[in-house]
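S.K.: Now for the letters of each chain:
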Amino acid sequence: MDFCLVVFASATTVNRVKSVLLKKFQINSEIVQTPKAIPAKGCSYSLKIKTEYADVVWNLIKENGLSSKGIFRESNFEKIK
Amino acid sequence: MIYFDNAATTWPKPASVVRAMDECMNEFAANPGRSAHSHAIKSSEKVYECREEIAEFFGIDNPGNVIFTSNATHSLNIVINGVLNEGDHVICTVMDHNSVLRTTFSKTKKIELSFSKANPDGSLNLTEFESLIKTNTKLVVMTHVSNVCGTVMPAKEVADICKKRNILFLLDASQSAGIVPINITEMGIDYLAAPGHKGLYGPMGTGILVINSKVIPKPLIFGGTGSYSKELSQPFELPDRLESGTLNVPGICGLLEGVRFIKAVGIQQISKHEKELTSWLLDGLEETKNISVVGKKNTVGRTGVVSFVHSSMDCTAVSAYLDSEFAIATRSMYHCAYPSHVALGTKDSGTVRVSFSLFNTIPQVKLLLYALSKI
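Going line by line, the protein sequences match chains A and B. Positions 0 to 80 (numbering that gives the first Met the number 0) are the ones given, in order, by the first sequence. Positions 0 to 374 (numbering that gives the first Met the number 0) are the ones given, in order, by the second sequence.
Heads up, some of the hints might be wrong.
Claimed, not checked - Stretch by stretch, here's where chain B covers chain A in the computed footprint (C-beta under 8 angstroms, at least three residues):
no., stretch
1, 33-47
2, 66-80
Unchecked claim - Below 30 angstroms or equal to it, Euclidean Cα-Cα: the simulated DSS-like pairs (lysine-lysine) are:
no., chain 1, residue 1, chain 2, residue 2
3, B, Lys217, A, Lys47
4, A, Lys78, B, Lys229
5, A, Lys40, B, Lys217
6, A, Lys80, B, Lys213
7, A, Lys23, A, Lys80
8, B, Lys133, B, Lys217
9, A, Lys35, B, Lys108
10, A, Lys23, B, Lys213
11, B, Lys229, A, Lys61
12, B, Lys262, B, Lys365
13, A, Lys47, B, Lys41
14, B, Lys41, A, Lys61
15, B, Lys108, B, Lys217
16, B, Lys213, A, Lys68
17, B, Lys41, A, Lys68
18, B, Lys262, A, Lys23
19, B, Lys41, A, Lys78
20, A, Lys22, B, Lys217
21, A, Lys40, B, Lys213
22, A, Lys22, B, Lys262
23, A, Lys23, B, Lys41
24, A, Lys35, B, Lys229
25, B, Lys108, B, Lys346
26, B, Lys213, A, Lys61
27, A, Lys68, B, Lys229
28, A, Lys80, B, Lys229
29, A, Lys80, B, Lys346
30, B, Lys217, A, Lys68
31, A, Lys40, B, Lys229
32, B, Lys162, A, Lys61
33, A, Lys49, B, Lys41
34, A, Lys61, B, Lys217
35, A, Lys40, B, Lys346
36, B, Lys213, A, Lys22
Just so you know, these hints were derived from the structure itself, not from any lab. On a predicted model such as this, the values are computed, not experimentally measured, just so you know. In this text, a Cβ means the ideal position worked out from N, Cα and C, and glycines have one as well.
So that you can see chain A by itself, here it is in the shape it has in the complex (with noise of 0.2 angstroms):
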């Protein structure tokens, strides 16, 4: 199973996140602690989910204003997004 990683600087963001997939979208998710080799501006978290759902999150985040520093593969880290 592939996965990515979507990086946030605030834990807040990340739960709206993760709670507004689950709600509207039924799509599960975990957080985790965003990886050093992320460049990230410092500690932070990310939304682990399944990469075919990539998408729904980036439009979502856009859609709602909201701050990300990128969705990232979870295999190598590369930016996807």
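Since chain A is already given, all that's left is putting chain B on it; use the hints.
M.R.: Showing chain B alone in chain A's frame:
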């Protein structure tokens, strides 16, 4: 104990509030928004659940605009200190609490301050209020409900006036949150400050600031937020901008259940219950010799906060008598709102204050009336 001091803090709390705090302390009370182990994540999720519940409760879309504070005074201080600049004018009312009055007064070397007067029943004169607006008026701060006499202020009308004149409006909902329906988006309120431990039935040490404005107050305190750690400047993102330091997670878990309790009972039901108790009390006080009710004499335009004076016994003696002889808890004197007493005609006497919650009953009110009749 018959507890009639709910305007100070509600007691008892719903069992679910106590259980939630106990569960948090025993099972997962780690630091939210810092580490990423399972307890920290659970803490962070609970904090977010509470933000979400409060955002929905007060009618805003973005839970990130719910700021957790330690009490309503803290919330009021954030806005008053965070939006006013030198040369600005702020309007308060004489019915406000010292949490507003002292905070605004402390800034009078740099800002102008005006007080809107009140009628003898504690209500606001909107025409007089509007006449105080100047070209440099930046902020209006107003209590939603008087903590002395329970009079409900015209929050929507004041918000409308502020909106038309491009003035920020901060509502002190210390005595109304959880008791009077509030939708801050529909009402046009820019900032709402409320304690978690009064009408929202959470524990002491919890408060909220709900922001519905593009004008974000400057932080009152600075420090760690768990985010943007490499940067020395405070993050701009809410709630982090205004929430430095570790949050009161057990308290927030309790507050979450307090808000859920209100939603389950229904705010209309709570309001109806308190009105019924108030009606019993007002009718009974009217028939009790030597007692005069302060403020509104009927249940219209008021909540279950009732003040009265006794003609031959001072207010502190009345409270002491009720406590020692009948185990009835009331509050007496000025209730941290002396200008209200000037307006209400009780500046020399102070008042005895009775304030209800959902847990009070009519037999309790009857016992209070009996006790007062025996003075």
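S.K.: Could you run down the list of hints and mark each one as holding or not?
M.R.: Results for each hint:
1. 33-47: Held - the stretch 33-47 of chain A has 5 residues with a Cβ nearer than 8 angstroms to chain B, which meets the minimum of three.
2. 66-80: Our answer is that it is violated, as 1 residues pass the Cβ test (under 8 angstroms) against chain B, missing three.
3. Lys217(B) <-> Lys47(A): Distance ~33 angstroms between lysine 217(B) and lysine 47(A) Cα, so the pair is violated.
4. Lys78(A) <-> Lys229(B): Given that 30 angstroms is the threshold and the Cα spacing comes to 21 angstroms, the pair holds.
5. Lys40(A) <-> Lys217(B): At roughly 22 angstroms apart (the allowed maximum being 30 angstroms), lysine 217(B) and lysine 40(A) satisfy the hint.
6. Lys80(A) <-> Lys213(B): holds (28 angstroms)
7. Lys23(A) <-> Lys80(A): It holds: about 22 angstroms lies between the C-alpha atoms, which stays within 30 angstroms.
8. Lys133(B) <-> Lys217(B): Distance ~23 angstroms between lysine 133(B) and lysine 217(B) Cα, so the pair holds.
9. Lys35(A) <-> Lys108(B): Not satisfied, since the Cα-Cα distance of roughly 48 angstroms exceeds 30 angstroms.
10. Lys23(A) <-> Lys213(B): Given that 30 angstroms is the threshold and the Cα spacing comes to 26 angstroms, the pair holds.
11. Lys229(B) <-> Lys61(A): The given pair, whose Cα atoms are some 25 angstroms apart, holds under the 30 angstroms limit.
12. Lys262(B) <-> Lys365(B): Between lysine 262(B) and lysine 365(B) the Cα gap is close to 29 angstroms, so the pair holds against 30 angstroms.
13. Lys47(A) <-> Lys41(B): It holds: about 16 angstroms lies between the C-alpha atoms, which stays within 30 angstroms.
14. Lys41(B) <-> Lys61(A): Holds, because 27 angstroms separates the two Cα atoms, which is no more than 30 angstroms.
15. Lys108(B) <-> Lys217(B): holds (19 angstroms)
16. Lys213(B) <-> Lys68(A): Holds: lysine 213(B) and lysine 68(A) sit about 23 angstroms apart, inside 30 angstroms.
17. Lys41(B) <-> Lys68(A): holds (23 angstroms)
18. Lys262(B) <-> Lys23(A): holds (22 angstroms)
19. Lys41(B) <-> Lys78(A): Holds - the C-alpha atoms of lysine 78(A) and lysine 41(B) are around 28 angstroms apart, at most 30 angstroms.
20. Lys22(A) <-> Lys217(B): violated (33 angstroms)
21. Lys40(A) <-> Lys213(B): Roughly 25 angstroms separates the two Cα atoms, so the pair holds.
22. Lys22(A) <-> Lys262(B): holds (20 angstroms)
23. Lys23(A) <-> Lys41(B): holds (21 angstroms)
24. Lys35(A) <-> Lys229(B): With a Cα-Cα distance of about 12 angstroms, the restraint between lysine 35(A) and lysine 229(B) holds, given a limit of 30 angstroms.
25. Lys108(B) <-> Lys346(B): holds (27 angstroms)
26. Lys213(B) <-> Lys61(A): Holds, at about 18 angstroms.
27. Lys68(A) <-> Lys229(B): Holds, at roughly 14 angstroms.
28. Lys80(A) <-> Lys229(B): holds (23 angstroms)
29. Lys80(A) <-> Lys346(B): Status violated; Cα separation ~65 angstroms.
30. Lys217(B) <-> Lys68(A): holds (24 angstroms)
31. Lys40(A) <-> Lys229(B): Distance of about 5 angstroms is within 30 angstroms: holds.
32. Lys162(B) <-> Lys61(A): Holds: lysine 162(B) and lysine 61(A) sit about 29 angstroms apart, inside 30 angstroms.
33. Lys49(A) <-> Lys41(B): holds (21 angstroms)
34. Lys61(A) <-> Lys217(B): It holds: about 26 angstroms lies between the C-alpha atoms, which stays within 30 angstroms.
35. Lys40(A) <-> Lys346(B): At roughly 56 angstroms apart (the allowed maximum being 30 angstroms), lysine 346(B) and lysine 40(A) break the hint.
36. Lys213(B) <-> Lys22(A): Distance ~27 angstroms between lysine 213(B) and lysine 22(A) Cα, so the pair holds.
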